[in-house]
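Read top to bottom, the protein sequences are chains V and S. For what it's worth, my numbering labels the leading residue of the first sequence as -1, then goes sequentially. For what it's worth, my numbering labels the leading residue of the second sequence as 1065, then goes sequentially.
Think of the hints as simulated: they come from the structure by calculation, not from any bench. As the structure is a prediction and not an experimental result, all values here were calculated from the model. It is possible that some hints are incorrect.
[To be verified] Capping the alpha-carbon separation at 20 Å, the derived lysine to aspartate or glutamate pairs in EDC-like fashion look like this: (1) S:Lys1101 <-> S:Glu1089; (2) S:Lys1159 <-> S:Glu1103; (3) S:Lys1074 <-> V:Glu74; (4) S:Lys1101 <-> V:Glu34; (5) S:Lys1101 <-> V:Asp71; (6) S:Lys1074 <-> S:Glu1103; (7) V:Lys196 <-> V:Asp234; (8) S:Lys1159 <-> S:Glu1078; (9) V:Lys322 <-> S:Asp1087; (10) V:Lys265 <-> V:Glu34; (11) S:Lys1101 <-> S:Glu1122; (12) S:Lys1101 <-> S:Glu1078; (13) S:Lys1101 <-> S:Asp1087; (14) S:Lys1159 <-> S:Glu1170; (15) S:Lys1074 <-> S:Glu1160; (16) V:Lys265 <-> S:Glu1122; (17) S:Lys1074 <-> S:Glu1122; (18) S:Lys1074 <-> V:Asp234.
This is what each chain is made of:
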Amino acid sequence: MNEETKDLGSELRRRIDAYLDAIDRVLSASGMNRSERRNITDDVETQIQEMLAARGGGAPTRADVEAVLAELDLPEAYASVRAETSGPQRTTDVSSTALPLGPRRFSRTAIVGALGAPLLLICFFLIFLARQVRAPGPAWWQYVLMITVLPVGLAAPFGTTILGIISISQIRRSAGRLYGLGLALFDALLFPLLALDKLILAGWLAAFQDGASAPWFVASPFVIPFWTIVCCAIVDGIIIYWAWRAVTAPPGRCQPGAEETQAAIQKRAGLAKIALCVCLGGLVPGGLVAGQARILSPDAAGMAYLLFVGCQIAAFVLGVMSWKDSLGKAAGVVSAVLAVGSLFLIL
Amino acid sequence: MRTWVAQLRKGLVELCVMGVLRDGEAYGYEILQRMGKAEGLAITESTVYPILARLANEGLVTVRVAPSPSGPPRRYYQLTPVGHTRLLEMGAYWKEISTAVNNLVEGEKK
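Kindly produce the complete structure, drawing on both the sequences and the hints.
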């Protein structure tokens, strides 16, 4: 609510907000992004206030508000117009907006799915407690815990992931009546990503088991954990980024990037330039390590190497984000080759 | 007939909105009122505001928010240089096609 409209009675304010919310839901269901929806509802709100002011006679009454709203288009009108005024690449499923507009609510499936994460922790804790008790044999309550808690704990990762996927589907088909897409995606990705991170960790431990040939590399205690954490963060970040793009794309759209605007293209070109600069900037500490490693102290060489790798990782992430730009693609490929290649030279 | 008129109007709204902004900035309701004064172009807010939002998203207009004496802040729209170029192109095409259609409907003027 705007400050200027606070003098409207709360009941009248609610009536106007309900009308604006209905428009927002229709626009949301037709695939419009939040920024555009906000612009439209702000314009409509301004129009309502202007029309109320034009009626004169002091503070607006309920009859004034109803009369003004009656002059305006029904919220459903925004659905058909949205499809007709969009560019040819937008293939929004407008039929979904014909669904009746009920009250919006948070997805219960997503909430139930999210309970799986703490449930697993509680299960681990209870099992840990049960193992601490020393007795001649397992007590009756330990059997109860094994029968009840253990299956629940083991089922939680699968249940959370499945419920997450179901809730994403429900939210996308709800024409704006359900929300909580972020939590639903969290449910769907949490345990698969944890499993993937575990795999990456196991991979790194296996790779470093025989030690590295460069003495400064093994001398720096933070290099191996750094690489592991960074790899997990990059892989998880990219998966989350693409998953979010996929689930927030309007239903029925052919390709996630189909409705590109001039502003988006310019933003991507800017990101690509930054990626290339960061990639090239990282060559300075990289060259220092390659050429002067023998005269540098292990710590200094380690830090320079981390700086080099950090730059290449940042360039890779920016390159992936601007992949459709040729510069971004080049920065992404070069930085990945440099970062991975440096590992091969060291190991 | 009504369907045909509605379709024709909708196809021209974008050009008309940009035409209203040709000489300077205007806020949403003002654009709507100016378009409403044009005979045969009675267009409602559910058509105009989504187009304004899309033009802003495409970088064809800029938005400036300024306080209003009668309520919430007004959002003033103004054509960008790219928007001006697009308007000229659309205007030229409109002249071309309207002449061609007139010639077909009314016959070639000798």
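For this session: Compare the structure with the hints numbered earlier in the document and write down the numbers of the violated ones, lowest to highest.
Result: 4, 9, 11 and 18
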